[in-house]
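Asks: With the sequences and hints as input, model every part of the structure.
Chains A and B, in that order, are what the protein sequence lines are.
Under the working numbering, the first sequence has 52 at position 43, and the numbering climbs by one with no breaks.
Under the working numbering, the second sequence has 290 at position 283, and the numbering climbs by one with no breaks.
Honestly, the hints are just simulated from the structure, not real lab data.
This one's a predicted model, so the numbers in the text were calculated from it and none came from an experiment.
It is possible that part of the hints are untrue.
Stated by the list, open to error - Computed from the model, here is a short list of chain B residues facing chain A with C-beta under 7 Å:
1. ILE152
2. LYS173
3. ASN181
4. GLY189
Claimed, not checked - Label-pair distances were calculated between CB atoms; the ranges are:
5. A:ARG34 with B:VAL100: 44 to 50 Å
6. B:ALA167 with A:ARG131: 20 to 26 Å
7. B:PHE284 with A:GLY192: 58 to 64 Å
8. B:ALA74 with A:GLY36: 54 to 60 Å
9. A:GLY28 with B:PHE275: 56 to 62 Å
Positions of the beta carbon are idealized from the N, C-alpha and C atoms, including for glycine.
So you can see what is in the structure, the chains are spelled out below.
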Amino acid sequence: MLEVRGLTSHYGRIPALKGIDVEVREGELVALVGANGAGKTTLLRALSGVQGASGGTVRFDGADITRAAPDRRVALGIVQVPEGRQVFAPLTVEDNLRLGAYRRGGESAAATLERVYAMFPRLRERRASLAGTLSGGEQQMLAMGRAMMAQPRLLLLDEPSMGLAPRLVEEVFAYVHRLKEEGRTIFLVDQNARAALAVADRAYVLETGQVVLAGTGAGLAADPQVQQAYLGL
Amino acid sequence: MGAQLTQYLLTGVTIGAIYALVALGFSIIYNASHVINFAQGEFVMIGGMTTVSLVDGGVPLPLAIAAAVLVAAAVGLALEKLAIERARGASVVTLIIITIGASIFLRGLAQLVWDKNFHALRPFTGDTPIAVLGATILPQSLWVIGVTIAIVAALGWFFARTLAGKAMLAASHNRLAAELVGIRVRHVLLLAFGLSAAVGAMAGILTAPITLTSYDVGLMLALKGFAAAILGGLGSGAGAVVGGLTLGILESLGAGFISSAYKDVFAFVIMLAVLFFRPSGLFAARSAERV
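Replies: Below you can see the structure in the form of structure tokens.
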């Protein structure tokens, strides 16, 4: 479904991605682990089109989208839940969700909205509240719900558990697991490598802008190198 | 005394409505880009001057007004496309300086296209004063107030009820998140300039029969509108309206009871006072952000 070949990206003259090869197949949950500054967020941003690629190709369903604008990728079904939630604080929860369906015109969104509320009942309770007044966990649900409104075919999740209390981290991973059970294709980045590897079918380890290891989630979790560097064992 | 006060208030509300429209123009662009568009006054001027020349050329008034609004909107779009968009990635201060340049350029262009004289547009529906509570009001003032109410209501509906309006708010609040839900952020900026220019042009057209219009009429109106926007809190729609009305009424009362020589001073004294004591304006958006 997603095929990345030799992708490079720069911040000014500083390379952030140095030739990334990554693949995500339909229905898979693929995790990306790595230290701070390894380029995990940059890779997701390059996939959603808000970060320019300086070389290499990104293919989605075989079509080259390396230079496609973010709104076109959303229309194709590549939807990112950004790091730090990034909800529209001055708008209501429901408006945030409706804007998630912006590319679909928003009108056909009623049924999707119901599904999102069914998945996150807390959002239904707070539908009229301003998004900025939600707790961190609720904002994460809102950010995920907003992405679901776009009916993503490939969901890019950037640090969904960052800054959340342990109980909420568990809850967020339960949601990720549920989305996977529904057959969604997910590309997940998380600091919490243990939890990410536990839910992932496959995973990549990123170091200074390069993929240094790849394997199944369980395989990487058992890898001594990974255990020492990322799992603190 | 009572009749006099009523008279000053009516005049103040009329001027205030115009200031409110100009302030709304500032707020629309500020919301979308955090740029203070110093060419806002030129949109006002283009609206008034275009209508005058079209009417002089024999075009029926309603048609002339519609055409003038379109011309101003086109100028607004062109400004965004040719000047602001080209400087993408530049700092907000740079963009503001670009709008100052555009303002000077448009004023110069207006001198060439038209001239340096004052022009009058005839009132939309006669000029027989209407008696109200011992004071009088011109029919044109009623037009000013009525159309302003209609525009404010339309803008309020657009931003509160339509997905496109909310997308504009979303893009101004969080550009990254807006891009990630598929909003074309560049189109939002373009739309803001077009909309703001159209609103400004309406202000210029409405006021042309009362205060006359000329190539540099935008200069003072923009300053007053900016003062109104600051007073209400930049970026707040309700603030722009309240700020405009407050400024108009204070100016009219001051001119009536103190001296009309100081008419323009009040606006700037108020602006300075606000900047000193309440820099985010009376209606500063209560931030509801949790970190």
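Asks: So which hints don't hold here, by number, going up?
Replies: The structure conflicts with hint 1 only, although it agrees with all the remaining ones.
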